[in-house]
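Enquirer: Turn these sequences into a full structure, and let the hints guide you.
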Amino acid sequence: MDLKSRLLIATVFCGWLLTPTSAVALDVTVGYIHWVPDQGPVLSNVTPDPEDAGLRGAELGIADNNATGKFLDQNYSLESVIADGEEEALAALDTMLENGIDLFVTRVPAATLQAMAERAGDNALLFNAGASEDDLRTRECQPNVLHTIPSYAMLTDALGQWLNMRRWKEVFLITGPTDQDKAWADAFRRSSKRFGLTIVEDKPWTFDSDLRRSASKELPAFTQARDYDAVVVADVRGDFGEYVPFNTWLARPVVGTQGMGPEAWHRVVEAWGAAQLQNRFRELASRDMNSEDYAAWAAIRTIGTSVTGLSEAGHSNIREYLFSDKFQLAAFKGRKLNYRPWNGQLRQPIPLVHPQGLVATPPLEGFLHPDTELDTLGYDRPESDCRINQ
Amino acid sequence: MKNAFRIATLAAAISLSGPALASLAYVSNEKDDTISVIDTETHEVVDTIEVGARPRGILLSKDHTRLFICASDDDTVQVLDLATRKIIDTLPSGEDPEQFALHPNNRHLYIANEDDAIVTVVDVETKDVLAQIDVGVEPEGMAVSPDGKWAVNTSETSSMLHWINTETFEIEKNTVVGQRPRHVEFTRDSKIAWASAEIGGTVHIYDVDTIEEIQQIEFKIKGVPQDQVQPVGIELTSDGKYAFVALGPSNHVAVVDAQTYEVLDYLLVGARVWQLDLDKDEKYLYTTNGVSSDVSVIDVEDLKVIKSIKVGRFPWGVVIDPTS
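Quick mapping for you: the protein sequence lines, in order, are chains A and B.
Here my numbering is used: position 319 in the first sequence is 319, and no number is missing along the way.
Here my numbering is used: position 67 in the second sequence is 1067, and no number is missing along the way.
Because the hints were derived from the structure by calculation, they are not lab data.
Source: prediction; values computed, not measured.
Where is the CB? At the ideal position from N, CA and C, for every residue including glycine.
Wrong hints could be hidden among the right ones.
[Said to hold, decoys possible] A few chain A residues facing chain B, derived, Cβ under 10 Å:
(1) 64
(2) 272
(3) 277
(4) 279
(5) 280
(6) 301
(7) 305
(8) 309
(9) 328
(10) 335
(11) 337
(12) 373
Expert: See the structure below:
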């Protein structure tokens, strides 16, 4: 399916209204802007990422909001743009701002998000459903940006807690060549210090041969070391990582971006009513829901939950509401979620999954925090320079 | 070991002799596709009945001869004959039935179809679908007032109570409650309705005449993180003294003064406590504990947990037959 150059305007209106309880009808339009740079050719292309990841989650969020809104005379619609490059994405933002849209969900790279946040200024609230870079949560925070996608640090802290709990504390780290791979690996190195893990080998992936012919020869040699409890792979785009499991020098589990690893969302999550969300998504999109879909869905549900609570829309009202004690997001992760006031990150449990099953859902028992155990995942207030709510 | 064998043969003997004289509790085991039958005098499992896929909500017919079972993954409601312990019928239920409630007329069954955002009303005698009512996302809890006037459905993701007029099958009012409402329970006189909000961590008390919230109850258990305190099932004693609220993964049941709405105590039960029911003399309260796969028995007078009974995997609902 060619999504590029396709301008999607999905308007999901509610045709009929049942016994509205609020007097004034509310129309809320959310802008969805999507630009994912070409990842380049990857060795492991068996299961490509869906091109519409994020968009479909946003659509489900709108449908869920309308199912609630129809009883309250609130109508939600989505205006979405799949851009071909950063300029097109920024132009889409400008157009939507001109048209009076003040709520956005984005799946764009970190740099594009920063540019968007600056352009939008006081005129809009942006939900980041695509960029996991920690800098966006520690140094380069914007008061008009919230993050529903977990940061790399949240993901690797979840993995770090689990490795600590299993007492698999000596690990062999393999890092891919992209900036995202390096950012993921940096986050993991930080997690290893937090959770008492030792990185016995820290090797960059430099091979450029086709592993489908030579994985069994190359990887055992590459993972030779005296001993380790697990191999940790940092390969965000899925280039070589799928070839690591079962090809390591020692008989050890593979965790990280491949093998067993942390995800914001995965099809194997079924507890806490998640089976219903998975079913609704599958019916809408004819595929499984992934982390980007979940982040976009959570962003739009945040908007819907706030508008229901406030009985009014408007980005400044919503922003104020969602940082208040009144806000709570039910998002199928077994507890209410809310946003970190210092950097706008959505606090959330992180499922650890392998392709066919759920292993654990950190924060794990025993990792304590004075305020909320959810803040054992990712940069806590004292570790972040950001104070977006003074 | 010898003793265990003796108990097992005894249990078999009881189950062979058909419905026992003692009062029986029925427990739906969501991940075993079975119903456990418990003798409420001996607190022993006396039979296990195979039923449809993923049984969740269960309820008794008003004459206590049949058990209705939401077989969620079979998209059907099964009818279990309690005398023979055989499935004798299935009812059209709409997709993914989770909870339901029977009108005092013993005919109109209100079924929440979780995946379809509708409530289906079925006549259990003619099997006709009388109405399908659009509600919010993920309809879950279902209750009919004892006077038969109101059917209330909770929609989990919309966080609403939908008040359905049982004569017209139309929604008369929608009220917003805490996040993820799960269960509604009416007082015997139909004047007050209790509604739990799992993620919100609250119980909402409604005056039924005005359909206005009159009270909100919050729970705090020492040593339990606040976000694990998740109210689900509610059971009220008929004397108006207590309300018992199952608090999910906090593994506690709250005891609430049903007049002042003050929380009196928290009782530690099994893991992820879900639904609860009183026995015929209201002497014991049974709770289903999903994660520990057991049922806790609470002595109502002493407010003490006296026993836990191992049942099937992920027990979901429990009903006690007051006549058996």
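Enquirer: Next, verify each hint and record whether it holds.
Expert: Hints, one by one, checked against the model:
Given the 10 Å rule on beta carbons, the hint for residue 64/A holds: about 5 Å separates it from the nearest Cβ of chain B. For residue 272/A, the interface hint holds, the least distance from its beta-carbon to any beta-carbon of chain B being 9 Å, beneath 10 Å. Hint status for residue 277/A: holds, given a least beta-carbon distance of 8 Å to chain B, under 10 Å. Taking 10 Å as the C-beta cut-off, the interface hint given for residue 279/A holds, the closest approach to chain B being about 5 Å.
Annotation: interface hint on residue 280/A holds; nearest CB of chain B at approximately 7 Å, less than 10 Å. Annotation: residue 301/A was flagged as interfacial toward chain B, and the flag holds, the nearest CB pair being 8 Å apart, inside 10 Å. The criterion of a C-beta within 10 Å of any C-beta in chain B is met by residue 305/A, whose closest approach is roughly 8 Å, and the hint holds. For the restraint placing residue 309/A at the interface with chain B, the shortest Cβ-Cβ distance is roughly 8 Å, inside the 10 Å limit, so the hint holds.
Given hint, residue 328/A at the interface with chain B, holds; its Cβ is 5 Å from that chain's nearest Cβ, closer than 10 Å. Below 10 Å, beta-carbon pairs count as interface contacts, and residue 335/A has one with chain B at about 4 Å; its hint therefore holds. Interface hint at residue 337/A: satisfied, since its Cβ lies 9 Å from the closest Cβ of chain B, which is below the 10 Å cut-off. Interface restraint check for residue 373/A: the shortest CB-CB distance to chain B comes to about 6 Å, inside 10 Å, so the restraint holds.
In summary, this structure violates none of the numbered hints.
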